[in-house]
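Participant: Could you put together the complete structure from these sequences and hints?
The chain contents come next:
Number of protein chains: 2
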Amino acid sequence: MTMRNIETTLRALLRSADRPALESLASQLAPHDWAALLPRLDPAEVELLLQMVPDSALPAVLGALDPGDAAAHLRETAPSAAAGLLAALAPDDAADIIARLPAAEIEPLLVRLDADDAAEIRDLMAFAPDSAGGLMTPAFVAVAPDLRAGQAIAALQRVADEAETVAYVYVLDRDDHLLGVLSLHRLVLTHPDTPVRQLMVTDPVRIRADADQESAARLLNDHGLIALPVVDDENHLLGIITQDDIADVVEAEATEDIERLGGSQPLEMPYLRAGVGRLVRRRVIWLLLLFAAEAYTGTVLRHFEDEITQVVALSFFIPLLIGTGGNVGSQVTTTLVRALAVGEVRPRDVRAVLLKESAVGLALGAIMAVVALGRSQLLNVGIDVGLVIALTILAICVWSAAVAAVLPLALRSLRIDPAIVSAPLITTLVDGTGLVIYFTIAKYLLHL
Amino acid sequence: MTMRNIETTLRALLRSADRPALESLASQLAPHDWAALLPRLDPAEVELLLQMVPDSALPAVLGALDPGDAAAHLRETAPSAAAGLLAALAPDDAADIIARLPAAEIEPLLVRLDADDAAEIRDLMAFAPDSAGGLMTPAFVAVAPDLRAGQAIAALQRVADEAETVAYVYVLDRDDHLLGVLSLHRLVLTHPDTPVRQLMVTDPVRIRADADQESAARLLNDHGLIALPVVDDENHLLGIITQDDIADVVEAEATEDIERLGGSQPLEMPYLRAGVGRLVRRRVIWLLLLFAAEAYTGTVLRHFEDEITQVVALSFFIPLLIGTGGNVGSQVTTTLVRALAVGEVRPRDVRAVLLKESAVGLALGAIMAVVALGRSQLLNVGIDVGLVIALTILAICVWSAAVAAVLPLALRSLRIDPAIVSAPLITTLVDGTGLVIYFTIAKYLLHL
Numbered sequence: 491m492t493m494r495n496i497e498t499t500l501r502a503l504l505r506s507a508d509r510p511a512l513e514s515l516a517s518q519l520a521p522h523d524w525a526a527l528l529p530r531l532d533p534a535e536v537e538l539l540l541q542m543v544p545d546s547a548l549p550a551v552l553g554a555l556d557p558g559d560a561a562a563h564l565r566e567t568a569p570s571a572a573a574g575l576l577a578a579l580a581p582d583d584a585a586d587i588i589a590r591l592p593a594a595e596i597e598p599l600l601v602r603l604d605a606d607d608a609a610e611i612r613d614l615m616a617f618a619p620d621s622a623g624g625l626m627t628p629a630f631v632a633v634a635p636d637l638r639a640g641q642a643i644a645a646l647q648r649v650a651d652e653a654e655t656v657a658y659v660y661v662l663d664r665d666d667h668l669l670g671v672l673s674l675h676r677l678v679l680t681h682p683d684t685p686v687r688q689l690m691v692t693d694p695v696r697i698r699a700d701a702d703q704e705s706a707a708r709l710l711n712d713h714g715l716i717a718l719p720v721v722d723d724e725n726h727l728l729g730i731i732t733q734d735d736i737a738d739v740v741e742a743e744a745t746e747d748i749e750r751l752g753g754s755q756p757l758e759m760p761y762l763r764a765g766v767g768r769l770v771r772r773r774v775i776w777l778l779l780l781f782a783a784e785a786y787t788g789t790v791l792r793h794f795e796d797e798i799t800q801v802v803a804l805s806f807f808i809p810l811l812i813g814t815g816g817n818v819g820s821q822v823t824t825t826l827v828r829a830l831a832v833g834e835v836r837p838r839d840v841r842a843v844l845l846k847e848s849a850v851g852l853a854l855g856a857i858m859a860v861v862a863l864g865r866s867q868l869l870n871v872g873i874d875v876g877l878v879i880a881l882t883i884l885a886i887c888v889w890s891a892a893v894a895a896v897l898p899l900a901l902r903s904l905r906i907d908p909a910i911v912s913a914p915l916i917t918t919l920v921d922g923t924g925l926v927i928y929f930t931i932a933k934y935l936l937h938l
Numbered sequence: 491m492t493m494r495n496i497e498t499t500l501r502a503l504l505r506s507a508d509r510p511a512l513e514s515l516a517s518q519l520a521p522h523d524w525a526a527l528l529p530r531l532d533p534a535e536v537e538l539l540l541q542m543v544p545d546s547a548l549p550a551v552l553g554a555l556d557p558g559d560a561a562a563h564l565r566e567t568a569p570s571a572a573a574g575l576l577a578a579l580a581p582d583d584a585a586d587i588i589a590r591l592p593a594a595e596i597e598p599l600l601v602r603l604d605a606d607d608a609a610e611i612r613d614l615m616a617f618a619p620d621s622a623g624g625l626m627t628p629a630f631v632a633v634a635p636d637l638r639a640g641q642a643i644a645a646l647q648r649v650a651d652e653a654e655t656v657a658y659v660y661v662l663d664r665d666d667h668l669l670g671v672l673s674l675h676r677l678v679l680t681h682p683d684t685p686v687r688q689l690m691v692t693d694p695v696r697i698r699a700d701a702d703q704e705s706a707a708r709l710l711n712d713h714g715l716i717a718l719p720v721v722d723d724e725n726h727l728l729g730i731i732t733q734d735d736i737a738d739v740v741e742a743e744a745t746e747d748i749e750r751l752g753g754s755q756p757l758e759m760p761y762l763r764a765g766v767g768r769l770v771r772r773r774v775i776w777l778l779l780l781f782a783a784e785a786y787t788g789t790v791l792r793h794f795e796d797e798i799t800q801v802v803a804l805s806f807f808i809p810l811l812i813g814t815g816g817n818v819g820s821q822v823t824t825t826l827v828r829a830l831a832v833g834e835v836r837p838r839d840v841r842a843v844l845l846k847e848s849a850v851g852l853a854l855g856a857i858m859a860v861v862a863l864g865r866s867q868l869l870n871v872g873i874d875v876g877l878v879i880a881l882t883i884l885a886i887c888v889w890s891a892a893v894a895a896v897l898p899l900a901l902r903s904l905r906i907d908p909a910i911v912s913a914p915l916i917t918t919l920v921d922g923t924g925l926v927i928y929f930t931i932a933k934y935l936l937h938l
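Same order as they appear, the protein sequences are chains A and B. Residue numbering for the first sequence follows our numbering, starting at 491 and increasing by one per position. Residue numbering for the second sequence follows our numbering, starting at 491 and increasing by one per position.
It is worth saying that the hints were derived from the structure and are not from the lab. Be careful, since some hints might not be right.
Identical chains share a label here; the pair holds if one copy fits it or two copies do between them.
Calculated cross-link-like contacts (lysine to aspartate or glutamate; reagent style DMTMM-like; alpha-carbon spacing at most 25 Å) [claimed, not checked]:
#: 1; residue 1: 933; residue 2: 796
#: 2; residue 1: 933; residue 2: 797
#: 3; residue 1: 933; residue 2: 723
#: 4; residue 1: 933; residue 2: 874
#: 5; residue 1: 933; residue 2: 665
#: 6; residue 1: 933; residue 2: 795
#: 7; residue 1: 933; residue 2: 508
Predicted model only: the values in this text are computed from it and were never measured.
Facilitator: Structure below.
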């Protein structure tokens, strides 16, 4: 069955409340299937699913669900059953869900868990969800440095079921300080008597628990690691971050940047699950801010009321001129915001970027000026107005490119997310100034 | 030394042409360091680096370089030296670079290589660079199904140095058909006499070589795999795709989408390395298309010349009204393009999306109408013009939201990349129609 068929079947079973068939379908689905399915369901369908899914599949469903939704479900479950569900989840998933519960409801749940499980979850909850600590799992494999390779493999066999990955084995001293790392394949491909200390890579790549999750993603990917050790400020090993945690982070961060660049606050949930109210709230703030900024254009135009009355034709070109300025700005700013996000550009490159973008703006402006001159003559507005249009578009292209080049880099050096310089924002910023340029050129050239 | 210090030092050494110091720096850098450094250098610095870097570090530099730039360097190198460099690279990197050479120069290089290496590279070159086949490496570990676990580990030890990953061992029949896969940790954690056939997962997740690289990335991440087997249409194992190949693909695809959403063609190279000419070429096409589409606004405005002449105040609100329409459209389209890209929304969801976005547009429009009415009265334009403005902004918000909701989904079902519905494009599309709405409402309400 393809994923699309599974989705259709699941929807049909939910509608017809066919529990036995749903049970049989659920038994065939792996956690990653649920992860692909759940974002496609609307809130009512998720509700139904949580009621109907067999207990055996419930942990897989909860782990794939948005932590907030999973927490809401736990609140409607008897504490003993809720504790059972939490125990069946990976500790990092459990901690993410518990962190969304009201403070008063957390302890009654944790006390019902096995003491070790509860302690792991408590430790994980101490870290912000978007930090390296919030992303890590404590399910790593650790050995002492004086073990031999054969013994290390035997140790591995005892814990392999609980570990998130056995690709790497971490070497810790008596006080849990991280001494080194060795890969399973190194361990396997060597003589069983070799001491672990000789095999390990000392001073391995690691990350502090309070570092942000994007740094962890970059480190893991840049070094091509399967797992990244997370340490505290005294180099105690606290947990590991694995590739599958990171893939979600990279995708979520790109989604947030894209949504910001489109001029709204990030949704922070799958689109189909976001209700009308949430969409309105996420968008209205920027819409109002942009409206307030754009309202300035009305003041500019009223200031030039006499000029417009004398040459009404000037008004024909307002959308075209400010539109082109906005387009140039949007091209520059989205390219730069992305280049900043992936580390290709840094704030100190500002001189090189400004020079390059001004040159590009000049070239594009010259091309657009010729085209605009042609277009103006098609509207029969006279060569003098045509020259005003051409000169204005040249000036606006250079101006927009320069503003859009400097703004994201300046914001980044002020430690503000440059992705707030969305296409709508840069368009709005250059609209008002574009009109000032337009009517100033018109005033002088047309002697108004 | 931090990456930033390394970069500064490298730049200084290149400028001062200090070969011994550069040699010592290069000897400390790993391939992933070069991958982080090279996108930050401009073309002249890359040129200098290629001349000065010691031969031992050259393969690492070439592998981290853009394949086109690496090919350009190979063309300036004597064929025997070039062949030596290719042999030192991973076969998938070598194939990417050779594919950028003029056809006539490929064979003279390949014949200088070891016959096996040349055959591997030839096989890889048969696939499009953005297909699963173009991404895979043939450096996997394979065993026969009748081997025992202990023998499989011994086989592994012989080839471990050449393999890209030993996390998975693939089980092939005599004719190289993929029968199953087993993880190294399964192999290690079992009795040495167990036959491989009993340990392997049959019918493993795999991908066809001609599938696109985004599908491969999604499959690998959704299933949390370290490597994904690539097969031909008869299930022969051709190669594997590993996590580090995929991280680059996910990042590059997000970059392309973001650049498209900003209204330009993707740069397809690091920003600082793209010259003014390339930036102009990548942007001018969309700028001209958008200009042509926006030029229609001039025709609309000339059509309403009488109305503008009678009530010049109407022109004050043109940028504000069409700007708000563009902002709403941009919010909707970027959210949906991203939701389509990550698979949260599909074309068949069009009814649900249209209904939801129309409701959101109505709510946002109502809020903006109140604000716009207030703003119009601050400009002293009379309550009748104020009502026109308020009604227009309500209509434009709903209209923009609806157009921006349908367009990306329609394009996707026509198999056109929905990311071409950039913020600038949707702004341009709703500008002209917004003006028609505006002046039609004005004409009736103000009896013009």
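Participant: Next step is simple, just say for each hint if it's right about the structure.
Facilitator: Taking the hints in turn, this is what the structure says about them:
no.	hint	result
1	933 <-> 796	both (10 Å within a copy, 23 Å between copies)
2	933 <-> 797	both (7 Å within a copy, 23 Å between copies)
3	933 <-> 723	neither (65 Å within a copy, 70 Å between copies)
4	933 <-> 874	within (12 Å within a copy, 31 Å between copies)
5	933 <-> 665	neither (78 Å within a copy, 81 Å between copies)
6	933 <-> 795	both (12 Å within a copy, 20 Å between copies)
7	933 <-> 508	neither (75 Å within a copy, 58 Å between copies)
Against the hints set out earlier in the document, violations occur for numbers 3, 5, 7.
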